Structure formats: structure tokens, C-alpha cells
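Residues per chain, in single letters:
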Amino acid sequence: MQKLGNDHYLEGLLSGDESVIDLIYKKNFQSILSFIKKNNGTYEDAEEIFQDALFQLIVRLKIRKFEITSSFEGYIFTVCKNLWRKELNKRKKRVRNEGAIELVVKENKHSSFILEQERWELFEEKINQLSDNCIKLLKDYFNKVSYDIIVERFNYSSQNVAFQRVFKCKKRLAELIKKDSKYQDLS
Amino acid sequence: MYEDIDKKIEAYLGGDLNSEEKKQFELIMSDDIELQKKVKLANEINHHLKEENWLSDEDKNSSSRKEIEDYIKSDEATKIRSKILDAGKRYKNPQSKFKSKRLIAAVAAIFVVALLSTVLFIRNSSTTDLYAKYYSDNDLPSLLKRSGQNDFLSKGIKSFKANEYETAITFFKEYLKENDDPILYSYIGISYLEIGNTNKALINFDKLLNSSSIDNSKALWYKSLMYLKINDTIKLRKTLSKIIKDSTNFNYKKAQDLLLAVD
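Protein sequence lines correspond, in order, to chains A and B.
Quick note: the first sequence uses the numbering used here, first residue 16, plus one each step.
Quick note: the second sequence uses the numbering used here, first residue 32, plus one each step.
It should be emphasised that the hints constitute simulated quantities derived from the structure, not laboratory data.
Mixed in with the good hints, there may be bad ones.
[Claimed, not checked] DSS-like, lysine-lysine: derived pairs with alpha carbons at most 25 Å apart:
| no. | chain 1 | residue 1 | chain 2 | residue 2 |
| --- | --- | --- | --- | --- |
| 1 | A | Lys52 | B | Lys120 |
| 2 | A | Lys193 | B | Lys68 |
| 3 | B | Lys81 | A | Lys105 |
| 4 | A | Lys42 | B | Lys123 |
[Stated by the list, open to error] Sample of chain B residues lacking proximity to chain A, with all beta carbon distances greater than 12 Å (derived):
| no. | residue |
| --- | --- |
| 5 | Gln55 |
| 6 | Ala73 |
| 7 | Asn84 |
| 8 | Ser93 |
| 9 | Phe183 |
| 10 | Arg268 |
Quick caveat: nothing in here was measured; it's all calculated off a predicted structure.
C-beta atoms are modelled at their ideal positions from N, C-alpha and C, and glycine is treated no differently.
Kindly generate the complete structure, drawing on both the sequences and the hints.
Structure, rendered in C-alpha cells:
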């Protein structure tokens with residue numbers, strides 16, 4: 016059987032083709048729903064996140080220079096994951112600042128996320144340009160792996176060396192990001 | 032203490048500077064746009080790498096943002112958005128589609144049942160015990176064509192299928208008062224047979240046999256079944272012998288088999 020390509024989905028979405036949108040729902044929603052339910056969400060949360068992801072994809076296709084480099088399913092899943100992370104952060108903050116009334120205009124919600132998602136994609140792209148060693152090291156460091164373990168795992172002579180290496184990798188990443196014109200556009 | 036500005040930025044973002052150092056750093060930063068940018072990027076990288084956090088973009092004035100928001104407000108975007116919401120409703124609540132599908136399925140099922148009964152009424156079926164083997168209401172002529180036209184007949188068939196034979200007989204007789212339809216004698220006969228009234232069953236089978244119906248040879252078969260049921264082998268053989276005299280008779284082949292079986 017011929018696998019439906021990204022173009023089929025994207026064209027269908029852009030033209031508002033109901034059968035394509037139904038197919039996208041059928042093929043993708045269940046995995047988003049299980050992810051969100053596993054992470055303290057409800058069906059309604061999953062529905063809103065999924066619909067926002069599809070809508071924002073259309074906006075990006077229409078007015079941003081954008082193409083999906085992965086599979087359509089992979090893209091939607093990543094975006095939904097990020098949207099849900101943002102939503103959870105927001106809810107945590109809301110609990111902390113009880114009583115604070117949040118007035119977010121609908122357009123603003125989408126535009127913020129689209130720009131944040133674009134930045135996220137740019138950062139991912141740049142991380143993947145680092146050496147394998149740097150990628151692993153940064154991951155360990157930010158996942159709060161202790162210096163003792165990092166020293167052992169990466170065969171460094173001391174914690175100070177590990178510390179220096181983390182900074183070098185981060186510096187390199189910052190340079191790669193800064194150099195890219197897309198970053199200038201986003202900041 | 033911090034030779035490298037990157038390390039100082041890191042300490043600042045990580046909250047590792049004391050209040051004095053922090054104040055000093057912020058003072059330097061307020062005059063240095065490049066440093067502000069560096070801190071901003073370092074903060075973004077940290078948020079990105081700390082996967083549990085998501086850095087919200089608070090910059091409300093960029094041109095990119097305006098362009099996006101203008102499009103979102105457009106009719107085109109509103110239309111697409113509503114299409115997505117509709118798809119969500121269809122996914123969540125496929126009932127309207129489902130209901131009509133179920134209705135179609137139900138209607139189809141009725142057609143299949145009707146078709147099967149028509150086919151089966153003409154066909155013969157076989158089971159183990161001789162009577163059970165040879166008796167089958169499938170041998171009864173189809174009344175489907177007629178039933179749509181007459182209320183008594185429809186009710187009679189309904190009762191007959193529900194094994195309510197007495198009621199069925201009443202309706203069939205009412206039907207026969209106004210219609211000359213010898214086929215009905217087979218139904219009435221079988222109904223009597225089912226409630227154990229062999230005399231009346233026989234009378235009705237004979238009425239069919241002596242009628243001009245093309246199905247009259249079926250009466251011989253029903254009589255054979257009746258004799259089989261009441262275990263009257265002499266009359267059974269006699270009746271079966273009549274059937275096998277003419278190969279055009281109903282269940283000619285089965286009659287031969289049954290005759291061999293009772294012999």
C-alpha cells in the first residue's frame with residue numbers, strides 16, 4: 016500500500032478538505048490523547064492541544080517559510096508535546112500566583128507559541144550540529160546527572176574539566192544559534 | 032572570581048550570585064545591549080535543554096508576531112479553524128454517521144433474512160433424527176409475496192414464525208375466507224401437526240392435495256412427515272410410494288431416501 020506523504024496532508028489541511036482532516040484525526044489523535052492523559056491532562060485538553068497544533072501548522076505553512084522535515088505524524092506529536100509542556104508550565108504558574116487574572120487574546124496565544132516552536136526547532140537543529148560527545152554531555156548536565164558520574168562516564172580527569180567542557184559545548188551552541196539568520200528573525 | 036563572562040552569565044541565570052554581585056551584574060547589563068542579548072540566548076538555551084521547562088516568548092512587538100496575528104484574524108484562517116473544530120466533533124461524536132450506518136445495516140439485515148427465508152422455504156434441510164431430519168418449515172411454500180398485501184396473512188405468518196400455532200391458524204383461516212389460496216392449507220396443516228392435532232392436520236393437507244395448486248404434491252410430503260411423526264409406518268410407506276411415482280413431485284429424491292430409511 017502506498018504511504019500517504021506529507022504533501023497529501025498539508026495540501027488537504029490548507030484547502031480545508033474534510034476527508035483529509037478526518038484522516039489526520041484518525042491517524043494522530045489517539046497517540047496525542049494517550050500522551051496528554053499520561054501527563055495529567057483530559058480528553059478536552061488533548062482535543063484543544065491537537066486542534067491548536069493543526070491550526071498553527073496551517074498558519075506556519077501560509078505565512079512562515081516552513082516545511083516539515085520529519086514525518087507528518089512526528090511533527091504533530093512534537094508540537095503537541097511542546098504545547099502541552101507550555102500549558103502545564105502555565106498551570107503551575109497559575110497555582111503559584113493565585114488570583115492573578117490572565118487575559119490572553121486568542122491570536123496572541125497562537126502567535127506566541129508559533130514563534131516559540133520555531134525557536135525550539137532552530138535550537139534542536141543546532142544541537143544536532145554539535146559533536147555527539149557535546150550532545151550527550153549537555154543532556155546529562157541539564158538532566159542533573161551529578162559531576163561524579165559525568166567525570167566517570169566521559170573519562171574526564173576532574174570535575175573542573177567536566178565543568179569546562181559543558182561551558183565549551185554551550186558556547187559552541189550559542190554561536191551556532193546566533194549565526195543563523197532565523198534566530199535574528201525570532202528575537 | 033568569574034574570568035569568563037559566560038560563566039558569570041551562567042551563575043546569574045542559575046541564581047548563584049549573591050545580592051551584591053547580582054545588582055552589579057544587572058547594572059552592567061543595563062548599559063550593554065550585547066550582554067543583554069547574550070543573557071537572553073543563554074537563558075533560552077538553558078530552558079531548551081532543561082526539558083521540563085518551556086520558555087514563553089514575552090516579546091509582543093516583533094514584526095513576525097504581527098504578521099502571524101493578522102493572518103489568524105483573517106476570514107481564511109477562521110474558516111480553516113472551524114473546519115478543524117468540526118473534524119474534532121465528528122471524531123468525538125460519530126453518532127450521526129453511525130446511526131444512519133446502523134439503520135442501513137438493520138434494513139440490510141431484514142433484506143438478508145427475507146431473502147434467506149425465501150431461499151430456505153424452497154430448499155430442504157436435513158438433521159439427525161428422521162422427523163427432525165425431514166421435517167423443515169423451510170419446505171413450506173413462501174408466502175412473502177402475499178404477506179405484504181393482507182393483514183391476516185402477515186399476522187398469521189408472524190405467529191407461525193413465533194411458534195404460536197393456534198393464533199396462526201385463526202389468522203390463516205380468516206385470510207382464507209376472502210382468498211382462494213390452497214398453499215395456506217400447508218401452513219394450517221403444519222400448525223395443527225405442531226399442536227398435536229393430526230386429524231385436522233390431515234384434513235388440511237388433503238385440501239391442498241386436492242387443490243389445483245402447483246404445489247399440491249407438497250401435501251404428500253407433509254402427510255409423510257405427519258405419519259413419520261406419529262410413527263405410522265404403513266401409511267408413511269404408502270404416501271412415500273405415491274411421491275416416488277412421479278419424479279416431478281415435491282421432494283421426490285428425499286422420499287426415495289426416506290422410504291429406504293424406514294424399510
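Verification of the hints:
no., hint, verdict
1, A:Lys52 / B:Lys120, "holds (19 Å)"
2, A:Lys193 / B:Lys68, "holds (10 Å)"
3, B:Lys81 / A:Lys105, "holds (16 Å)"
4, A:Lys42 / B:Lys123, "holds (14 Å)"
5, Gln55, "holds (21 Å)"
6, Ala73, "violated (7 Å)"
7, Asn84, "violated (7 Å)"
8, Ser93, "violated (7 Å)"
9, Phe183, "holds (50 Å)"
10, Arg268, "holds (65 Å)"
The earlier numbered hints that this structure contradicts are 6, 7, 8.
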